[in-house]
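Chain by chain, the residues run as shown.
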Amino acid sequence: MNEKSMTLAELARLVDGIVAGDPDLAVCGFAPLESAGKGELSFLVKAAKVELLRESQASAFLVPLNLEEIPGIPVIRVKDPNLAGAIIHNAFLAAPFVATGVHERAFVGDDCRLDAEISIGPLAVVGDRVRIGGRVRIESGAVIGDDVEIGEETVIKANAVISSGSRLGSRVIIHPGAVIGSDGYGYATDAGGNHIKRPQVGIVRIDDDVEIGANSCVDRAAYGVTWIKSGAKIDNLVQIGHNVVVGENSLLVAQVGIAGSTTLGRNVVMGGQAAATGHIHIDDRVMVAARGGVHDNQPKGAMVGGAPAIPIRTWTRAVSIFAKLPEIYSEFKRMKKNVADLQAKGEEKEGARRDA
Amino acid sequence: MNEKSMTLAELARLVDGIVAGDPDLAVCGFAPLESAGKGELSFLVKAAKVELLRESQASAFLVPLNLEEIPGIPVIRVKDPNLAGAIIHNAFLAAPFVATGVHERAFVGDDCRLDAEISIGPLAVVGDRVRIGGRVRIESGAVIGDDVEIGEETVIKANAVISSGSRLGSRVIIHPGAVIGSDGYGYATDAGGNHIKRPQVGIVRIDDDVEIGANSCVDRAAYGVTWIKSGAKIDNLVQIGHNVVVGENSLLVAQVGIAGSTTLGRNVVMGGQAAATGHIHIDDRVMVAARGGVHDNQPKGAMVGGAPAIPIRTWTRAVSIFAKLPEIYSEFKRMKKNVADLQAKGEEKEGARRDA
Amino acid sequence: MNEKSMTLAELARLVDGIVAGDPDLAVCGFAPLESAGKGELSFLVKAAKVELLRESQASAFLVPLNLEEIPGIPVIRVKDPNLAGAIIHNAFLAAPFVATGVHERAFVGDDCRLDAEISIGPLAVVGDRVRIGGRVRIESGAVIGDDVEIGEETVIKANAVISSGSRLGSRVIIHPGAVIGSDGYGYATDAGGNHIKRPQVGIVRIDDDVEIGANSCVDRAAYGVTWIKSGAKIDNLVQIGHNVVVGENSLLVAQVGIAGSTTLGRNVVMGGQAAATGHIHIDDRVMVAARGGVHDNQPKGAMVGGAPAIPIRTWTRAVSIFAKLPEIYSEFKRMKKNVADLQAKGEEKEGARRDA
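As you go down the protein sequences, you meet chains A, B and C in turn. Residue numbers for the first sequence follow our numbering, so the first one is 1020 and each next one is one higher. Residue numbers for the second sequence follow our numbering, so the first one is 1020 and each next one is one higher. Residue numbers for the third sequence follow our numbering, so the first one is 1020 and each next one is one higher.
Don't take each hint at face value.
It does not matter which identical chain is used: a pair holds within one copy or between any two.
Said to hold, decoys possible - Calculated lysine to aspartate or glutamate pairs in the EDC-like style (CA-CA distance at most 20 Å, straight line): (1) K1216 / D1227; (2) K1343 / D1315; (3) K1343 / E1053; (4) K1098 / D1209; (5) K1216 / D1099; (6) K1356 / E1366; (7) K1216 / E1171; (8) K1216 / D1035; (9) K1065 / E1088; (10) K1023 / E1123.
No lab work stands behind these hints, which were simulated from the structure alone. Keep in mind the model is a prediction, meaning the values are calculated, not measured.
The following block holds chain A by itself, in its conformation from the complex (with noise of 0.2 Å):
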């Protein structure tokens, strides 16, 4: 790994932490508690939690801002210990990009613009009028449509496919075999129920510091773009059909399916399975159970489960019901029979009356 060797000072500046111990201790690496060894640095993100601090072997430890101090273990609070760690482990990870350049056994097609600083691995193909950023690191076996646009800093992982007029952000980062750029799923059916192909012409756009997972699809838009906005973050073997926009830092968790033309606001999460049907909107921060299926308009902040997706609250004590049927329906057949009585009774005791 040969990680560097940083101070927690110069740490704590990085995460806005407050240095308890020595300040000049160096550290060369970063490690959850089980794992980390001696010279690294851990972390803990519940104060209450603080004997695991002892049974650790790493050297020093981000904890929370409120965890007390511990005489001889050398710590750095802050409020977040979770993302103070993850900002510090890629400060230890980070290397200058090693430009390779286009390996000989890569192909390049015509008229592209490739920045100087890039490294296309071997078996790899681009194809024309390609433009890429600096610092663009393309793997084996990807290949790269005409006209395809790509900023800088973008990862493009071994067997992905860009196909044609995709126009890529800076800092994206495609994993292996994902498919971006596929046409979209749109036909018209003829009187004997043949499906003519509707052309699928728009493209797919990709801004800033997306991530889209491994096996994962992202169709082309019929017209005009299927946008994925800066930030979001996409799991594996996710569909995202045509014309659909994924909002700012949205999460879609591995599987799961949006229909064409939705929607999604910033911020929306969506559990693995979930999915969407077309031409509906998804607004801000809404959170969708694992598994739901949203088949209507969401507000912002909503948080829904179930298939059709109805408010979480209402699905947890729905399927706690479910799971209750057969008793509940088991007493729902005697109390049926107890207020069939209870009607026969009254209507005797009336025969009784009347006959009296």
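Starting from the known structure of chain A, fit chains B and C onto it as the hints suggest.
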């Protein structure tokens, strides 16, 4: 795009339409109402939304037969503007096949029979004894196994895999990353719980005009064939198990899964993330709602939803009641108490009478 | 196929079977009852279906131990004809490994240790410092990252990706398009809602005899290992999150998703599209029905269905009641009315008595 120019009279002939306005007016492209520019043709699906014609920049429109005449707006009246639009858009985009031959950086095995008029891109791989018809395009990174047959005008997109022995018809489109002919999932388990692989020695057959979406998988048969019949359109990330038959013109939306040996009739529609268990038959024109899970044979034209799938009307009502289960259950408990009270009173009186 | 010829006596020895008929009868292939031809062996799973033997063209049959003798039909009696069939079919198809070496159109990096007896196809890529054991086959378009280790007789199929640092055992099969070792999905979110990537510095370890389906994804660990243990069989389009452990001989059917840090014991079975949330343990021999969503730890041998998953019997009854909810709810409303009537009458009488 350099789309060609066609007159309204020429276009009307393509779609069995009637021109109202100047039949010699030439248009040079097709786009939806909101994005069409001057000189382009657009389309209106519903006569009631006629005011949209005035807001559009398009020079002429496909309109429904029942739309009244609008002075100064040239139209082509057709039975189905949606369908006519798809046909005309395809006509505008149609271009003669450009055969670039086998790229010097592609690899082709031994004893192949390739039509002279084909395009095989850089870093594509074609195995041994492969037969490829005229006007076929195989894109970069695609891998075609041994003994594969491909009809005419078929397109195999970037990084798709067509495993050995597969037989593809004409005008088939295999999207990027799709895998045709991987092994089916079949094992026999010994007394120790170890799974012995059953050889998967069948093939995949894909008929004319089929489309298979990005990163979808169609498994080869254990014996015999897995068969996707003509005109079926399969979206992205769909799983088709071994020995499945998908009938003519069936539509499988993204992330659908069909387990082994299940057969689908013609024009079956399965919504996104729907699934079918193995060894069942889903007959012609069955519609399965998104996320439906079909466990049993379905008769012609059945419409089902839910998992296990039930008739769609029952499912729709059942899920709306499901959402109300928390309040219904509260009512139920109140009612239980009321019934108990009534019983108690009844017994009290009964007792009083007996005592009297 | 040029399958070899074997006598019933030889075959019986392979599967611990007893020949009834001529032990020197030679057969030259294996197929199911309906497709077996003359000269081939077939198999009958259920003694009750004995009439199928007469309709089959096969020359001999694997049959259950309890099947009575049938004059003129040579059979091998075995405990499990299903399992014996798989073993014998594999024996017929077994062929010596043909080492074609590294294809001149493949690319291999520096400092690799490749066994002499391997086959690396055209346009496959192998990184630096990779170690590959004997009789390994790497197909066209596959990309093997740096520092990967691969045991003996493993097959990496077309366009699969094995990312850097992955360790694969022997007799592993990675199907086309599968991605092993992509980054896990892990972020820390800052106060502005931006997601900071947590470095994913662990690896994937895949033990002997594992099979990973087409376009499936196994994420590398955040730290440490994501571990697929020996004999596990994973179908197509399955998602395995970071730090997951899949126990020995577990079966994950197509489109299953396992979230991060969840661990599965031995011989767990998860049906198609089933899922497990993160950080739980699913113990040995648990069975999850297709589409089941497991939210909690599951004890050894539990059988569950639904989402959130509940015991399978409860789930089966609950879904059958769910389908009847519309009629049950109507009855419920009628009953509510009846109870209200009874109460009203009771109060009326009560009132009458008080008045009297």
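Cross-check of the supplied hints:
1. For a Cα distance limit of 20 Å, the shortest separation of K1216 from D1227 across copies, 14 Å, qualifies, whereas the shortest one inside one copy, 32 Å, does not.
2. In this assembly of identical chains, K1343 and D1315 lie within 20 Å of each other by CA distance solely across copies; the values are 17 Å between and 28 Å within a copy.
3. Taking the shortest Cα distances, K1343 and E1053 never come within 20 Å of each other, neither inside one copy (41 Å) nor across copies (46 Å).
4. Proximity of K1098 and D1209 under a CA criterion of 20 Å is satisfied inter-copy only: 10 Å between copies versus 62 Å inside one chain copy.
5. Taking CA atoms no more than 20 Å apart as the test, K1216 paired with D1099 passes between copies only; the shortest distance there is 15 Å, against 51 Å inside one copy.
6. For the identical chains of this complex, K1356 and E1366 are neighbours both inside a copy (15 Å) and across copies (16 Å), given an alpha-carbon limit of 20 Å.
7. Only between protomers do K1216 and E1171 lie at most 20 Å apart by alpha-carbon distance; the minimum there is 18 Å, versus 36 Å within a single protomer.
8. Proximity of K1216 and D1035 under a CA criterion of 20 Å is satisfied inter-copy only: 18 Å between copies versus 56 Å inside one chain copy.
9. Taking CA atoms no more than 20 Å apart as the test, K1065 paired with E1088 passes inside one copy only; the shortest distance there is 14 Å, against 72 Å between copies.
10. Proximity of K1023 and E1123 under a CA criterion of 20 Å is satisfied in neither setting, with 32 Å inside one chain copy and 40 Å between copies.
Violated hints, listed in ascending order, are 3 and 10; each of the other numbered hints is respected by the structure.
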